[in-house]
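Colleague: Residue numbers (our numbering), protein chains in the order written: chain R, 2 to 252; chain S, 2 to 252; chain U, 2 to 252; chain P, 2 to 252; chain H, 2 to 252; chain L, 2 to 252; chain V, 2 to 252; chain X, 2 to 252.
Fair warning: there could be bad hints in the mix.
[To be verified] With a cut-off of at most 30 Å between alpha-carbon atoms, the simulated DSSO-like pairs for lysine-lysine come out as follows:
| # | chain 1 | residue 1 | chain 2 | residue 2 |
| --- | --- | --- | --- | --- |
| 1 | R | Lys87 | U | Lys87 |
| 2 | H | Lys87 | V | Lys87 |
| 3 | S | Lys87 | X | Lys87 |
| 4 | P | Lys87 | L | Lys87 |
| 5 | U | Lys87 | H | Lys87 |
| 6 | P | Lys87 | S | Lys87 |
| 7 | V | Lys87 | R | Lys87 |
| 8 | X | Lys87 | L | Lys87 |
[What the hints assert, rightly or not] Looking from chain R toward chain V, a few residues come up when the C-beta cut is under 10 Å (computed):
| # | residue |
| --- | --- |
| 9 | Thr126 |
| 10 | Ala127 |
| 11 | Gly143 |
| 12 | Gly178 |
| 13 | Leu208 |
These are calculated hints, taken from the structure and not from any lab test.
Each residue gets a CB set at the ideal place from its N, CA and C atoms; glycine is no exception.
If you want the building blocks of each chain, they are given just below.
Protein chains: 8
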Amino acid sequence: MDADALRALMDDVASGGVEPDDAVRLLQRLPFADIGIARVDHHRALRQGLPEAVYGPGKTAEEVALVVAELLTGGSGPVVLSRAEKVQVEAALAVDDSGTVSGRTVVWRRAEPRSERILVVTAGTADAPVADECATVLWAHGIQPDRLADVGVAGLHRLLADLDRVYEADAIVVVAGMEGALASVVGGLTGAPVVAVPTSVGYGASLDGVTALLGMLASCASGLSVVGIDNGFGAACAVLRLLGPPAEAST
Amino acid sequence: MDADALRALMDDVASGGVEPDDAVRLLQRLPFADIGIARVDHHRALRQGLPEAVYGPGKTAEEVALVVAELLTGGSGPVVLSRAEKVQVEAALAVDDSGTVSGRTVVWRRAEPRSERILVVTAGTADAPVADECATVLWAHGIQPDRLADVGVAGLHRLLADLDRVYEADAIVVVAGMEGALASVVGGLTGAPVVAVPTSVGYGASLDGVTALLGMLASCASGLSVVGIDNGFGAACAVLRLLGPPAEAST
Amino acid sequence: MDADALRALMDDVASGGVEPDDAVRLLQRLPFADIGIARVDHHRALRQGLPEAVYGPGKTAEEVALVVAELLTGGSGPVVLSRAEKVQVEAALAVDDSGTVSGRTVVWRRAEPRSERILVVTAGTADAPVADECATVLWAHGIQPDRLADVGVAGLHRLLADLDRVYEADAIVVVAGMEGALASVVGGLTGAPVVAVPTSVGYGASLDGVTALLGMLASCASGLSVVGIDNGFGAACAVLRLLGPPAEAST
Amino acid sequence: MDADALRALMDDVASGGVEPDDAVRLLQRLPFADIGIARVDHHRALRQGLPEAVYGPGKTAEEVALVVAELLTGGSGPVVLSRAEKVQVEAALAVDDSGTVSGRTVVWRRAEPRSERILVVTAGTADAPVADECATVLWAHGIQPDRLADVGVAGLHRLLADLDRVYEADAIVVVAGMEGALASVVGGLTGAPVVAVPTSVGYGASLDGVTALLGMLASCASGLSVVGIDNGFGAACAVLRLLGPPAEAST
Amino acid sequence: MDADALRALMDDVASGGVEPDDAVRLLQRLPFADIGIARVDHHRALRQGLPEAVYGPGKTAEEVALVVAELLTGGSGPVVLSRAEKVQVEAALAVDDSGTVSGRTVVWRRAEPRSERILVVTAGTADAPVADECATVLWAHGIQPDRLADVGVAGLHRLLADLDRVYEADAIVVVAGMEGALASVVGGLTGAPVVAVPTSVGYGASLDGVTALLGMLASCASGLSVVGIDNGFGAACAVLRLLGPPAEAST
Amino acid sequence: MDADALRALMDDVASGGVEPDDAVRLLQRLPFADIGIARVDHHRALRQGLPEAVYGPGKTAEEVALVVAELLTGGSGPVVLSRAEKVQVEAALAVDDSGTVSGRTVVWRRAEPRSERILVVTAGTADAPVADECATVLWAHGIQPDRLADVGVAGLHRLLADLDRVYEADAIVVVAGMEGALASVVGGLTGAPVVAVPTSVGYGASLDGVTALLGMLASCASGLSVVGIDNGFGAACAVLRLLGPPAEAST
Amino acid sequence: MDADALRALMDDVASGGVEPDDAVRLLQRLPFADIGIARVDHHRALRQGLPEAVYGPGKTAEEVALVVAELLTGGSGPVVLSRAEKVQVEAALAVDDSGTVSGRTVVWRRAEPRSERILVVTAGTADAPVADECATVLWAHGIQPDRLADVGVAGLHRLLADLDRVYEADAIVVVAGMEGALASVVGGLTGAPVVAVPTSVGYGASLDGVTALLGMLASCASGLSVVGIDNGFGAACAVLRLLGPPAEAST
Amino acid sequence: MDADALRALMDDVASGGVEPDDAVRLLQRLPFADIGIARVDHHRALRQGLPEAVYGPGKTAEEVALVVAELLTGGSGPVVLSRAEKVQVEAALAVDDSGTVSGRTVVWRRAEPRSERILVVTAGTADAPVADECATVLWAHGIQPDRLADVGVAGLHRLLADLDRVYEADAIVVVAGMEGALASVVGGLTGAPVVAVPTSVGYGASLDGVTALLGMLASCASGLSVVGIDNGFGAACAVLRLLGPPAEAST
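Given only the sequences and the hints, what does the whole structure look like? Please build it.
Modeller: Given below as structure tokens:
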């Protein structure tokens, strides 16, 4: 609610078109729905252009189902359930069986396809689940990301063989564990936005992803954007933020 | 690739020994200048659309001057010297006194002004130097960022009073130390790209910025892009990456 | 045993009313009960006005039952068993089945209701178990806390919609994981005592609650009181300390 | 601004007593003063009952003077400058020389004396500066704290000799470095609120205060409130929060 | 093998009493037994006066049995198996069923009783298993330690009630988790050797024993000896070292 | 004050030999001297058999002088000032110029010589200052420690050449930085008490002594006693504890 | 580069269209096989002389089988599957049952035996699995390493008894947990290359191998080469790197 | 002293050619020189083929001079003084002014030139001092290393332009700070031994070199050998170990 909307409301009150009590209620209640266990933030999707999302861990299957139901009835954009256990997926699909399941992610009401070219690069095979989460969330929003798998820097020519795909991308998500060096290399090759996702792949000195995280933050390639460890969802949201709303939405 | 090599290549193209397309490919590869102490990467500016930059710490004044000189003679875009000591600034200005000094940053050959609206927000007065570094690097690239200072979450209404400026921004850089909560709040208010810069402001449990860094990475606001502690330069580069080259450059 | 009591004892000894050997025993034995596996501190409840409590982890079911039995027979105030495994709950209820079970907490001999207004706020649905533990311990002591759920800073208006409840509280417990920013925001809104409880909710950079803990300690909102990670019990005790004994108890 | 105030404003608009544009301005501008380098939050003092405070580090002497001047002219309660360098103190006193200097803290407009009994306990002589900061901030708000120095647990009888002062206190601030065990001992002796301040006193395994901080958070004495390392200011604010506004203010 | 023994050997060689080759073998083979999977160090018991010990974790049941068998046949002092899984205990007892099982520790060939007074103090009930391990290893060496349980500093009078036992001890082992403050308090009360054992009891800020460890190392009570987390075995060995060999052994 | 002393006091009160008020005062005031800035614990020397000590850091020169003066007039055993700055040393010697200065340590009233053989071993030349502090504190208490320098494990034969001195020692202090392996090796060679002191010598992965500290705590040689980093004073106190009071004192 | 591309290249060489030298350069670049889930880097074995390896964790059994199949059909040297779960081993052996299983490692196509003397030393019995992984990978490449087990520094003579084997080795791998001191001792005894492998053996202060890792990095023995925690595979590769290709391969 | 030498000595004793007492002395005194402050290990140079070295930090200028003097008179190979302060360099050169100073390193008695090709690669200009230390120590031993500077992965073509020098090297030292990714890239390009040296270059998330250290340990390129942070000396020693003694020495 920006200043113009506020002024319009004031004018309505001044002119008697809106009762003072109603204005109070309006001002106090931006659009969220209090369903007891949660305050579902329908406004966030409008405000941020991001999918309405439910993060599974720490919620019971019933809670997941309740929130998904509210998002599907109260909102209008894509709905994403992430990191869901099997029982949570089942409870959520029981609410609405039109959801598409991909790994531990479920998507309802996929957005209209849009044409930006997003490249999701992984360093190793074991980074795939994180990249999948990212790709699925992008897909929920209408994007069909390009995938480039297993191009870690220990065999640099595997990446160099597909440089064209790197140069053509509007934005690149680099998913890498261990030392996370792939983000620096990709960031050095292109001036496009690079969202770096450290993964907890590796052992010993990988410190469950902290090594890759620190490496990406300290990268000698300037301007990398880093998200949290294994946070494929967050990387997709960072991409959606920089792409902005789809072209048709601005008309 | 020095002048002799370049002349030889041109001769080959002229004589038909090298196809023009091949020469283009050749020129796209390898343009750096080996000046002994450094391999100055003129290609990076072309490749990435980022300013050619010299990071002061760890270099002697002479080394700084040498690299700045090479960047000014061998390249053509903005040149930035960052985190420079007084003696490094002086040595660099002795090379070319047209540089603009702002804090510990020096800029030569500012780019043509461009019109994107970037908002740089700080939580407290002490975060200003990091925000200044970010703003100066953006300025080097033609952007005149909007500034919103001292709006930390302990007095939330100070931010809410200027929500319009938040909503109008094409991208927002949030610079905050201590617990870094401002990034989460801003990220929750807008769907625009948010680049979060943790600062080493604070003491005790601030752990020289690690607390803010972790808080931003773990933010409940999805899709924040985080850069390293106090890395105003990196935040500016992340913004430049997502803006892409200026509109006139794409014609 | 303060100086007055000590002087009275000395007077009794001097007057022959108390035998020297008895005085020695008295002085050596402040009120605790040595039941072999533990020294049950009945004096603590008197001394501190806190519930007599048994912390489940690391104790066998038999040990839990023994200590609960001693507390119920030797003391007189509320008794709390926390973080109990199912088998511990059963063993304790076998001692006295009047206990009220709430999650992993059991309460016997709830205190008389008292009227202070305590607000327990959570950032997300997954923070609920920690908030429940806190609320149950408060309830054991006669307080019926107000609850405000799922008002994390990523959707700030969800909190702002209930500012009245924030302003009316005599003390507020903020339970938050991830970056813990909610504590700073609440602390900035009110001058009432704020007890901040970091939770281990979140993943990656949340570091099992360390990020929220550090953020709360480094908060830009002055005067937050912080307790240990997931320590709902401790937060309730901190509230009980600041409320002091119930009004009727001071008559 | 609570719902009642909001409704009154709406009524005024509805009745024509307030112009809509004026209401907008009012709603947008809760009381802070934008002085360029900072947004001075006069509302915070009202809202929180805490002193208006300036934290010295990271600010120039000029910035300190500007903010102090604004606080003295725009507000009405006590003003505190903390962790100030000599040059900052001088610049601030040049604005208004009525300030009282105590160590690195300066206080203007001390509040009316109030009568709560606050005990500030230190474990060793070297903890004194942190305790002094705490005591000075309490003094700014009208409280004359009791002090108990050098009673660390290595010589427990030094504390036991003054148990009366412990039992009489309305709240206790325990300032301790090294292993911070004094907080646990005091917390075990009394049911009053205990605010524990870890200090960076000690060496080696003290880890600049982290050991004391962790020890206080993990204390076996329930309900300790912990603030950040060396944060005497924060401890004083935590005490002020739990005391609430002075008695005369509630009439 | 000290200089005297070496000289005697040389004399034997010089006199022809020992063949050179035999001397080589002798010098090369101090008393250990190579049983393939391990080199059992019988000399250590002689050299150090410590029990011959087998640490269970990381060994198969067969390996445990082999080493125990070698220790029982090749050595002559007490044999201790520690941290053993059930299957390891069974395999070891199958070798020699005269072992005494206590918790996860098994002892064979207990040494002659000796009379030093060792006090093992625990802060809470959950510290008992670590204290048990310590007491069992002491018992293996002929010592019957005194036990003082559940005297954590949150109820200091529980310890003060038994000061005599503290003052009478020749050495004290303090076993404590959480913040480990009991070690400081005991160390401040007595000048006897104090061996502090941090335990992993507690949660959140206890950091699996690191908090107690750091607190003990940083203790304001001088001269505490600290061993590793949960290392009851090590604490017993530290006590055995400082007691030296039994009195009758020195005759 | 043990139970016998307490009973004697009670008898005196019962018999009228001591007035009740005097008994109160006696019980409340174990022997310490409150000199304002500190509570000097004269009882500790009696209680612990350790030197009365002043730790320099964090105290002003005046405070150091005051405490030293009190210790010299109010006590009777050795007095040690440790980690003193030059100005502190001068202020303390101005109080009593009979002190012996050794590095940053000053000793007054050295105890009668005693005959136990203590060996202080260092791994490298740079460990000497910590070993010196330890040796000086031992010397204050009448012990003339044997020194064995620069026998780090990288040249093991340097240690093996002096095995006799290792075997003859009643207790050994091992002072080592870097990886601290010397403590394990010495601990494996002898069954005497080994006090291990990690030092902050080294760089990079030495982590200011944390590496050596962890290595000593995790040592494969059982029963090492570890003190804090660079804590030569603490190591000496640990030795004094295990030696007990001098032989003549027990008569 | 598939068969068609290869044939085309050969045609070009045959026809004189491509110079042989250029074909060599071409063949040295880019030979990897894109099998969808992975880009199998056959070139790495040629380039590095290291075994083609599949790291099990994070891959499904199907993925393991696919990659193993590709390595066996597309390459020609030894193939190693490491850290494999039982189901992965079975899937891989179903592809080609000629693999040799050793612990969690499987080897196909062992290389020709070669004669360098590599010594793998372990500190304790529990370090054996890591040493086994290292030895198996060396064996895959034709080396039959010498093994020296259970020679930790707590019983130094166990190592000294076999100094000849230490002195004869061309390179030594030291596998040690706890404090990792064995690496320093071995490194001090020999000038041969020493590859140090920290293991996660131990508890408490061992910090899952971090203590040993830090100790090896900070070793007072110069020139130790360290690999990651428990990384027996990496240690074998480090040895293979320093040995270089087998002698017959250089003809 | 191996078994053959020992047997020869025994034979001499048996034959009367060596007196038993002399044998004892011989066995007890491997060649080191006890100069009071240090035990100079002349045997190490023979034993390890490494330069005799003095590490400056923590030693007085006099101590440095004493040790250097002993090394020059008592040994015969190269002598290296590292990390020396100006005053240490001067004191050492006063002993023998034939030393060659390079940065903070001084070399006396450089070894005969040898021909192995060692490549020292740095990621950035600021890594040069560490690489210089490494190169100087190699030079002391007769090697003239090839240098490749400023080829960090942010501009990968700078490295690719000199691949031949990478492929020709017998061993490569990679010196890199920030995220240390260059080590992974180089390790992926070549099968030669790669010694990775993390440097403390960088800021914020570089954590003084810990990020690069962890990244190198967790590298996806197998078989990297890692040394401590900034440890150019150690890297040189690791190279010398793997090269073995010079060819002429083996004749």
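Colleague: For every hint, state whether the structure bears it out.
Modeller: Verification of the supplied hints:
1. Note on lysine 87 of chain R and lysine 87 of chain U: the hinted pairing holds, with a Cα-Cα distance of about 25 Å set against a maximum of 30 Å.
2. As the CA atoms of lysine 87 of chain H and lysine 87 of chain V are separated by approximately 25 Å, the hinted pair is consistent with the 30 Å bound.
3. For the hint pairing lysine 87 of chain S with lysine 87 of chain X, the CA-to-CA distance comes to about 24 Å; that is within 30 Å, so the pair holds.
4. Using a Cα cut-off of 30 Å, the hinted pair lysine 87 of chain P and lysine 87 of chain L holds, with the two alpha carbons roughly 25 Å apart.
5. Between the alpha carbons of lysine 87 of chain U and lysine 87 of chain H the distance comes to roughly 24 Å, so the proposed pair stays at or under 30 Å and holds.
6. A threshold of 30 Å between alpha carbons decides the hint, and for lysine 87 of chain P with lysine 87 of chain S the separation of about 25 Å falls inside it, so the pair holds.
7. For the given pair, lysine 87 of chain V sits about 24 Å from lysine 87 of chain R by alpha-carbon distance, which is consistent with the 30 Å threshold.
8. Only pairs whose Cα atoms come within 30 Å are accepted, and lysine 87 of chain X paired with lysine 87 of chain L is accepted, the gap being roughly 25 Å.
9. Against a cut-off of 10 Å between C-beta atoms, the interface hint on threonine 126 of chain R holds, since the closest Cβ of chain V lies about 5 Å away.
10. Of the supplied interface hints, the one on alanine 127 of chain R holds, with its beta-carbon coming within about 3 Å of a beta-carbon of chain V, less than 10 Å.
11. Evaluation of the glycine 143 of chain R hint against chain V yields a violated restraint, the C-beta minimum of about 25 Å exceeding 10 Å.
12. Below 10 Å, beta-carbon pairs count as interface contacts, and glycine 178 of chain R has one with chain V at about 8 Å; its hint therefore holds.
13. Given the 10 Å rule on beta carbons, the hint for leucine 208 of chain R holds: about 9 Å separates it from the nearest Cβ of chain V.
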